[in-house]
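Listed in order, the protein sequences are those of chains A and B.
Residues 1 to 290 (UniProt numbering) make up the first sequence, in order.
Residues 1 to 290 (UniProt numbering) make up the second sequence, in order.
Rather than coming from a laboratory, the hints here were simulated on the basis of the structure.
Some hints could be false.
For chains that are exact copies, the list does not tell them apart, and a pair is met inside one copy or across any two.
[Stated by the list, open to error] Derived lysine-lysine pairs resembling DSSO-like cross-links, with alpha carbons at most 27 Å apart:
hint	residue 1	residue 2
1	K192	K71
2	K58	K177
3	K67	K177
4	K177	K194
2 protein chains.
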Amino acid sequence: MAIPHLHSLQPVRVSSPCRVSVSNQYHYGRSNFSRKSSSLVYASSTSNFDRDLHLQSKVETVLDSVKWDEKGLAVAIAQNVDTGAILMQGFANREAVATTVSSRKATFYSRSRSTLWTKGETSNNFINVQEIFLDCDRDSIIYLGKPDGPTCHTGSETCYYTPVLDLLEHRQDEEHKLALTTLYSLESTIAKRKEELEVPESGKPSWTRRLLSDEKLLCSKIREEADELCRTLEENEDRLRAASEMADVLYHGMALLARKGVKMEEVLEILRRRFSQSGIEEKRNRKSQT
Amino acid sequence: MAIPHLHSLQPVRVSSPCRVSVSNQYHYGRSNFSRKSSSLVYASSTSNFDRDLHLQSKVETVLDSVKWDEKGLAVAIAQNVDTGAILMQGFANREAVATTVSSRKATFYSRSRSTLWTKGETSNNFINVQEIFLDCDRDSIIYLGKPDGPTCHTGSETCYYTPVLDLLEHRQDEEHKLALTTLYSLESTIAKRKEELEVPESGKPSWTRRLLSDEKLLCSKIREEADELCRTLEENEDRLRAASEMADVLYHGMALLARKGVKMEEVLEILRRRFSQSGIEEKRNRKSQT
Numbered sequence: 001m002a003i004p005h006l007h008s009l010q011p012v013r014v015s016s017p018c019r020v021s022v023s024n025q026y027h028y029g030r031s032n033f034s035r036k037s038s039s040l041v042y043a044s045s046t047s048n049f050d051r052d053l054h055l056q057s058k059v060e061t062v063l064d065s066v067k068w069d070e071k072g073l074a075v076a077i078a079q080n081v082d083t084g085a086i087l088m089q090g091f092a093n094r095e096a097v098a099t100t101v102s103s104r105k106a107t108f109y110s111r112s113r114s115t116l117w118t119k120g121e122t123s124n125n126f127i128n129v130q131e132i133f134l135d136c137d138r139d140s141i142i143y144l145g146k147p148d149g150p151t152c153h154t155g156s157e158t159c160y161y162t163p164v165l166d167l168l169e170h171r172q173d174e175e176h177k178l179a180l181t182t183l184y185s186l187e188s189t190i191a192k193r194k195e196e197l198e199v200p201e202s203g204k205p206s207w208t209r210r211l212l213s214d215e216k217l218l219c220s221k222i223r224e225e226a227d228e229l230c231r232t233l234e235e236n237e238d239r240l241r242a243a244s245e246m247a248d249v250l251y252h253g254m255a256l257l258a259r260k261g262v263k264m265e266e267v268l269e270i271l272r273r274r275f276s277q278s279g280i281e282e283k284r285n286r287k288s289q290t
Numbered sequence: 001m002a003i004p005h006l007h008s009l010q011p012v013r014v015s016s017p018c019r020v021s022v023s024n025q026y027h028y029g030r031s032n033f034s035r036k037s038s039s040l041v042y043a044s045s046t047s048n049f050d051r052d053l054h055l056q057s058k059v060e061t062v063l064d065s066v067k068w069d070e071k072g073l074a075v076a077i078a079q080n081v082d083t084g085a086i087l088m089q090g091f092a093n094r095e096a097v098a099t100t101v102s103s104r105k106a107t108f109y110s111r112s113r114s115t116l117w118t119k120g121e122t123s124n125n126f127i128n129v130q131e132i133f134l135d136c137d138r139d140s141i142i143y144l145g146k147p148d149g150p151t152c153h154t155g156s157e158t159c160y161y162t163p164v165l166d167l168l169e170h171r172q173d174e175e176h177k178l179a180l181t182t183l184y185s186l187e188s189t190i191a192k193r194k195e196e197l198e199v200p201e202s203g204k205p206s207w208t209r210r211l212l213s214d215e216k217l218l219c220s221k222i223r224e225e226a227d228e229l230c231r232t233l234e235e236n237e238d239r240l241r242a243a244s245e246m247a248d249v250l251y252h253g254m255a256l257l258a259r260k261g262v263k264m265e266e267v268l269e270i271l272r273r274r275f276s277q278s279g280i281e282e283k284r285n286r287k288s289q290t
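My request is simple: use the sequences and hints to build the entire structure.
Here is the structure:
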């Protein structure tokens, strides 16, 4: 059963005997949505009344299961669903999680301002939440989602760009280095080699630069590596050989993407849309488009 | 300049005038390393004395720059450097970060037990830290590293396996679902299709199952998609076409990996070792092996 989008629900006034006392401890929807008296029930229509109430009760049950700290907060981490980049970390209270469930926009509780805040409410760079995960202790939350733009207020893609070990090792040039995982670290290296092509005689010889400057070589390598990957299956080579050939396919493919100005994140977004595990999200998107 | 591995340093007794008062507020090395009096200075040899003291001072400077909360803690998130999976979240105090810097094993402060603890000290599933990132506010830390095994005490790869939105949508079969990003979600889908091959007539027709059961088809598709990817460059097709063809190459390549029993994480580990951005880590590994 697909659940209704809570953020599309309108407060409807219901009269007795349908009049139900609903906790106004938190609200569903936009953070500036006004809190009304308990005589207001959020329901898209009276025919959906039971379903909405049931859902609201389920949300409460999930929220009850979270181990909120003495201030009523839990750690909330926003992560890019396609790249895995940790975008930011904040804190969430019951209301923040309930709002995220209903609006599907990552919402936090600001400890300094003592208010809810939805990431993007001023910058428009919302984080569109696909799934929310609780950890085994139920005191830590992941908002797994797709950011509309840079998450950090500095304009950086993520808030994590200060590498401690690099700083300790005196690598001044790396003081602003995003916390990139392997695939994106490789992408960043390839992008640097591409930039170096603009500067004649820059640095040591580089295979990546050579590939990037020679279209024929690049394409022949991609075809060759794909063939070698296939042969690990056809000729029953060992599994490590297959891993190594796939690494070659990926690297050379990414060099081509760099030539075309395509980011791996775009490739992964295409895969996510095609192969959405549940199919539910796809249906939901189709519905919201119609 | 490569910094020395602090965890290999031995406490050496130095006499005046070299005798230097060193804070014993925190120690470098294993968490059960005994704290000695200030007459002990951690130095690998007197010839390295100045360098070690300089490094220690730099570590202090970095730790001073962290905005510790009123309990002296900051949020610390451990992330798999190859897959981007958020493995766990804990808290760190100065000593925990200093220990992580020196031991390169993700170390936290247990609020319940009021002690340092290094993830893996009982399970041996250490998280080998490659880099430590601070966020823009300097009150949140990422330990980016490679886990030796499952991180969660439940035996799960990560501590985040409770999907809230799925639970709300009554998808009971998904109650234990890891917080996987796109690439690993796709890998998981392909693995499920492979399992289904064991059960005749299972479910709806599936292209992935067909690929997995037909080696010839799979290999011809990989070669075909690689060729189409190359043609986006050779025939100057638009960038979105290149992204789409790369998605096809990735998906079909991953189907082959599933056939061979290879994980994408292994492929990315190979890429990381080959293309380590700095080269420093590689040098360090070479040194530690000799």
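Hint-by-hint comparison with the structure:
{"no.": "1", "hint": "K192 - K71", "verdict": "neither (45 Å within a copy, 42 Å between copies)"}
{"no.": "2", "hint": "K58 - K177", "verdict": "between (42 Å within a copy, 19 Å between copies)"}
{"no.": "3", "hint": "K67 - K177", "verdict": "between (34 Å within a copy, 20 Å between copies)"}
{"no.": "4", "hint": "K177 - K194", "verdict": "within (18 Å within a copy, 39 Å between copies)"}
The earlier numbered hint that this structure contradicts is number 1, and it is the only one.
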